[in-house]
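Novice: Read top to bottom, the protein sequences are chains Z and E. Start counting at 1 in the first sequence, then tack on 14, and there's your number in the working numbering. Start counting at 1 in the second sequence, then tack on 6, and there's your number in the working numbering.
Simulated from the structure, these hints should not be mistaken for lab results. Treat the numbers as computed from the prediction; the structure is a model and nothing was measured. One should not assume that every hint holds.
[What the hints assert, rightly or not] Partial chain Z-side listing against chain E, Cβ under 7 Å, derived:
| hint | residue |
| --- | --- |
| 1 | Glu102 |
| 2 | Asn163 |
| 3 | Pro185 |
| 4 | Trp266 |
Note that the Cβ used here is the ideal one computed from N, Cα and C, for glycine as well.
Here is how the chains run, residue by residue.
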Amino acid sequence: MNRALRIATPLALGIAVLAAWEFLVRHYYVPTIVLPPPSAIWAAFVGNFASLMASLWTTLSVTLVAMAAAFLGGVALAVVFSQSRLAETALYPYAVVLQVTPVIAIAPLILIWVGFDRIDLVLVIIAWMIAFFPVLANTTLGLKSADHNLIDLFRLYGASRWQILTRLQMPTALPYLLGAMRVSGGLALIGVVTAEMVAGSGAATGLGWRIIEAGNRLEIAKMFAALALLSVLGIAIFFALSLLEWALLHRWHESAVKKQG
Amino acid sequence: MAALLTLKGITKRFDGGVEALGAVDLRVEAGEFVSLVGPSGCGKSTALRVVAGLLAPTSGEVTWPEGKPEIGFVFQEPTLMPWADALGNARLPLDLKGVARGEAEARAMRALARVGLHGFERAFPRALSGGMKMRVSIARALAAAPKLLLMDEPFAALDELTRAALNDDLLTLAREDGLTVIFVTHSVYESTYLSDRVVVMTPRPGRVAADIALSPPKLRDAGYRLTPEFAEAAGRVSAALRAAMEAG
Chain Z
15 MNRALRIATP LALGIAVLAA WEFLVRHYYV PTIVLPPPSA IWAAFVGNFA
65 SLMASLWTTL SVTLVAMAAA FLGGVALAVV FSQSRLAETA LYPYAVVLQV
115 TPVIAIAPLI LIWVGFDRID LVLVIIAWMI AFFPVLANTT LGLKSADHNL
165 IDLFRLYGAS RWQILTRLQM PTALPYLLGA MRVSGGLALI GVVTAEMVAG
215 SGAATGLGWR IIEAGNRLEI AKMFAALALL SVLGIAIFFA LSLLEWALLH
265 RWHESAVKKQ G
Chain E
7 MAALLTLKGI TKRFDGGVEA LGAVDLRVEA GEFVSLVGPS GCGKSTALRV
57 VAGLLAPTSG EVTWPEGKPE IGFVFQEPTL MPWADALGNA RLPLDLKGVA
107 RGEAEARAMR ALARVGLHGF ERAFPRALSG GMKMRVSIAR ALAAAPKLLL
157 MDEPFAALDE LTRAALNDDL LTLAREDGLT VIFVTHSVYE STYLSDRVVV
207 MTPRPGRVAA DIALSPPKLR DAGYRLTPEF AEAAGRVSAA LRAAMEAG
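Build the full structure now, drawing on both the sequences and the hints.
Specialist: Spelled out as C-alpha cells, the structure:
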C-alpha cells in the first residue's frame, strides 16, 4: 500500500465516524451530558483553550521528566547489573516487586510522603516507577547479548572492561533500549495521568486532573476534549521515539532494513 | 628455523566435564602455514583459543621462545560490529590499542585495500556479501600487523568460488607479510592447498594423530589443484584423517 493511501484510509474512516456521531446525536436528541456531539467537543476545546493547553504542557513536561528519569535510572542500573552479578542477584527481585505492585495502590503513600506541596515530584516518582522497568529489563538483556566472539576479539586486543562496555555492549544494547523507551514513553504518560487523578483536589493541574474536574462539574464535552488531547500527546510521544529509533538505527540495524523492504 | 610457539601436553576439560583436548604437543615454526584438520568437535577451535590466550588450558603450557607476538584472529563467522562501517571494523584493533586516530585510519584503509575492498570503506556490514564480510574480517586481523594469524574455519560458510578466491588471496597476504598461520578446517582439499604442514587430530578428546609435511609450490593457482602432486598430497591427508577417525 502506498504512503498516501496509508494515511488517507484511517483519516477517511475517522471523518466518517465523526460525521455519523454528530448526525446520530442530533437526530436522536442524545443529551449532551451523556454524549456530546463532536461540534460541542470542539467548542469546549476552543472555549477552554488556554487552560487545556496549560494542562497539556504540565502533563507533557512531567511525562518528559519521568521518561528521562526512567532512561537514566534504567540504563544506570542495567550497567551495574552487567558489571556485577552480585548486584544483579541482590537487586533484581526488588525491581520486579516494584514493577508488579500496582502503582495506583502505592500512589497515595507516595503522595503522603512527598507531600501535596511538591505534587510534580509525586507525579514524576509514580510515573518513573512504572516506566523504568522495561528500560532496565531490556537494557540488561541487550548488554548481555554482545557477540561472544567479538568479546573474545576485544580481549585479544587487550580491551579494558570500560572499552568492552562502551564500544561493544552499549551499541549492542541500543536497539533493545530504544524499543523499551517506546514502551516506557506510553507507560510514563499513563503513570502521570493516573497519579494526577489520585492526587485530585486541584493540587495537580494536568490533563488527568482536568478530566476529573470536568466530570465533577458534568462538563462532558470538556472531558472529551481533554481525553482527545491525551491521545494526541500519547501518539506524539510514540512517534517522536520511533523517529529517534529510526535516526539512530536505520544505517545499520536489521529492523530498519525490513521497514524499507 | 626457530619455533614460534610450542604446545606441551595441552589438555582442556570444560566445566561440564567435557574433555575437549587430550594431551596435545605441537611445534610451529615461524613463517609456517599449518592446518589443523579433524572431525567436528575434536577440539580444533579449543586448541586455537588456547594458543590465542582466550582459554586457559587445564594442564600443559604454551611457550613462545621468542616472546608472544602480535596475534590476529579470524572466526568462522565474519564477527563484525554491525553498527560500524568496514573502516570502523578494520581499525578496531588499532583503536583498542590506542593508536592515534589518523594513523589507525590510514592503516585500516591500507588493510582494506589489500583484501580488495578499496572503495567499500564506508559500507556497513549488512550491505556486504558473505565473502566481502569475511574480507573485512581478514583486513581487521591484518590491520594490527600480526606475526601470527589464527583462523577458525574462516571460509566454511562460503560458496566454492568465493572460497577458492579467498584461499589464493590469503596465501598471497601471508607470503607478503611473512605470516605464521594456524588454520583450522575440516576440508581436506583446503588444508592440502594452503598448508606447508597438515596436523590431523583425533575425535574428542583431540590429540595429534598425524603430522604431515607437504611441499607445495610457492606459487599456487587453480591449476595446482589439478596436478598429480596435489592429488597425492590430498590422498595422504585424507588417509590420515580416516585412520584418525577409526582409531578414535
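Novice: Does each hint hold? Answer for all of them.
Specialist: Each hint tested on the structure:
Proximity of glutamate 102/Z to chain E is violated relative to the hint, the smallest CB-CB distance being about 21 Å (cut-off 7 Å). The beta carbon of asparagine 163/Z is positioned within 7 Å of a beta carbon in chain E (closest approach about 4 Å), and the interface hint is therefore held. Nearest Cβ of chain E to the Cβ of proline 185/Z: about 5 Å, under the 7 Å cut. The hint holds. Restraint check, tryptophan 266/Z versus chain E: the minimum CB separation of about 5 Å is within 7 Å; hint holds.
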